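S.K.: Chain A is already provided as a structure; the job is to place chain B on it using the hints.
Number of protein chains: 2
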Amino acid sequence: MNQQTGKGSLCFSEAPFIIGTASVVGTKEGEGPHADEFDCIGEDDKFGQDTWEAAESSLQQEALTLALGKSGKKPEDIRYLFAGDLLGQLIASSFGLKSFQIPLFGLYGACSTCGEALSLSAMTVAAGYADYVAAVTSSHFASAEKQFRFPLEYANQRPVSATWTVTGGGAFVLAPAPENGKALAKVEGITTGKIVDYGVKDSMNMGAVMAPAACEVIAQNLEDFHRKPEDYDAIVTGDLGKVGQEILCDLLKKKGYDISEVHEDCGILIYDNEKQGTGSGGSGCGCAASMLSAHFLPRLAKGELKRILFVPTGALLSTVSFNEGESIPGIAHAVILTAPA
Amino acid sequence: MNQQTGKGSLCFSEAPFIIGTASVVGTKEGEGPHADEFDCIGEDDKFGQDTWEAAESSLQQEALTLALGKSGKKPEDIRYLFAGDLLGQLIASSFGLKSFQIPLFGLYGACSTCGEALSLSAMTVAAGYADYVAAVTSSHFASAEKQFRFPLEYANQRPVSATWTVTGGGAFVLAPAPENGKALAKVEGITTGKIVDYGVKDSMNMGAVMAPAACEVIAQNLEDFHRKPEDYDAIVTGDLGKVGQEILCDLLKKKGYDISEVHEDCGILIYDNEKQGTGSGGSGCGCAASMLSAHFLPRLAKGELKRILFVPTGALLSTVSFNEGESIPGIAHAVILTAPA
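Protein chains in written order, with my numbering: chain A, 1 to 341; chain B, 1 to 341.
Hints in this document: simulated from the structure, not taken from any laboratory. Every value quoted in this text rests on a predicted model; they were computed, and no experiment measured them. Honestly, I wouldn't trust all of these hints.
Unchecked claim - As a list, the in silico SDA-like pairs of lysine to any residue whose alpha-carbon atoms are at most 20 angstroms apart:
no.	chain 1	residue 1	chain 2	residue 2
1	A	K7	B	D77
2	B	K201	A	D50
3	A	K7	B	K98
So here's chain A without its partners, still in its complex pose (with noise of 0.2 angstroms):
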């Protein structure tokens, strides 16, 4: 039976298979080094709608249709949808998915929602509860900054350690085996997040905020399966950006981890971070997710890739509790993807 691994982790005795994922990404993703990896970049980011926030919703619909298309599955054949974005009562999720009529359980967990949902997907495969479901996150550029930061019309300036929220969306289907014979990756186990709390509060240095949480999930996950960094061909946090990532290198070293060597981020990827003045890096539910699906699941399904583990990253980031003077606490939850075969 499935295996209660440490302190905080699990190990899937029947580890389900991801079997088919789509992204969908905005004009500036689509001119960044990724460009010819994602499925499908949108003409303009409003996505042929009248608000940013309906194009956000555009993202997840066009992400899920075109995943369970390449999975050769229709929506009656999802027994669970589990899903989320940034925005206040995940409105991107609620309005992208309604159509597809699939019991839904909503997500919140900022920037981290993909790795949750993967986690409970997985969980809820690996369980028997299910035999497809299917894990969708997205984030918008415009409506984030109208949420969290400054109109678009206002054109604030970015410090450099400011990351810049991906206008995309990935969707994720998992089923308890390779469907006729294939599949992406197999989801070994995971690693879930605690709140962690530096007491830091600038909301324009995000990956301060959350490389102590992505620490101590990565740490957790290596203690709870007897793991160096290097049994990890890679590991790939979500968006701590370039000032992030020297943090959590420098926190995970002090719990004597050095990844360095394997250590990857998605928000530095997505970018050509100096020509497309990004900043730090990109951010977002939809960086982690996009580049999950359209960089890394495709090398693991080659085999180009053995064993990753994957952090998506959030900042619990709210314009109330920030104008109250209020910290940003961190999370972030691992999802440790092996070659199918």
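M.R.: Positioned in the frame of chain A, the structure of chain B alone reads:
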């Protein structure tokens, strides 16, 4: 093994138990007809804090602390927390629960979140992923009014269809078996809701928004388990209020189910609506959570109730989508609770 039941339900072959619970409410709830059933009534609605949001965080913190105490458990015994609230980015939960240092799955299902949290908690325990998990949800009248409607100082008038957000929180500890032979209830199964959108755009009539979602999930439950309404001692919705109750009974009649004899609604029960001026009834994640904890679980524990269907109901209202002219979609999640013995 665990059983997928019908199109949208699970019937746990190793059903988990609720072994401890606690409720914490505000002053208005403490003047209502169920005052003597709650574990803790605040002296005022600030709960010793400076802001309404911090006050709501206190509700969650207190409720979980009490529930752990009553279960004889420490925070480190709890493997996962499933928690959420109504506020953007779940700040009541993040700040209320961070000190416990328990791995956290943040959830958003509007006022249905208590059902979502109990469902995922039960799935997690029944699959053997944890020996103990806790589900925590809350709402606060003042933080919700500030987020969704008007500042309290504006003193707006309210139509009779409006509901009154409950200041309250509930926490539940789940385990695979009764603890020292004792438990409050068994979680027999769950039915997970889809988003249902009838196009209602009146944020002062949440009952009308949520009733169709409640109807769908109740009908799905009765169909999946081959049951009639009278197979439940009570079908308990979260916060439909009087207006929503009427719509729910009408909608279910059209599907061939008469639930009028067994229907109860936490929103109608929690206040003396005429005397207390609470309109159609109470609402919020804290409404269903505190009434389940204080009123229904003790009756299940004593065997006064043998089996109930607990159906927290949520209106996925956001001021952003609302101001953009969107409708308010609804969702509801059903949990079958039986007397423990």
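S.K.: Now, for every hint given, state plainly whether the structure supports it.
M.R.: Now the hints, each set against the structure:
Taken as a hint, the K7 (chain A) and D77 (chain B) pair is honoured in the structure, with Cα atoms around 10 angstroms apart against an allowance of 20 angstroms. A C-alpha spacing of about 18 angstroms is found between K201 (chain B) and D50 (chain A), which places the hinted pair at or below 20 angstroms, so the restraint holds. A distance of roughly 17 angstroms separates the Cα atoms of K7 (chain A) and K98 (chain B); the hinted pair therefore holds under the 20 angstroms criterion.
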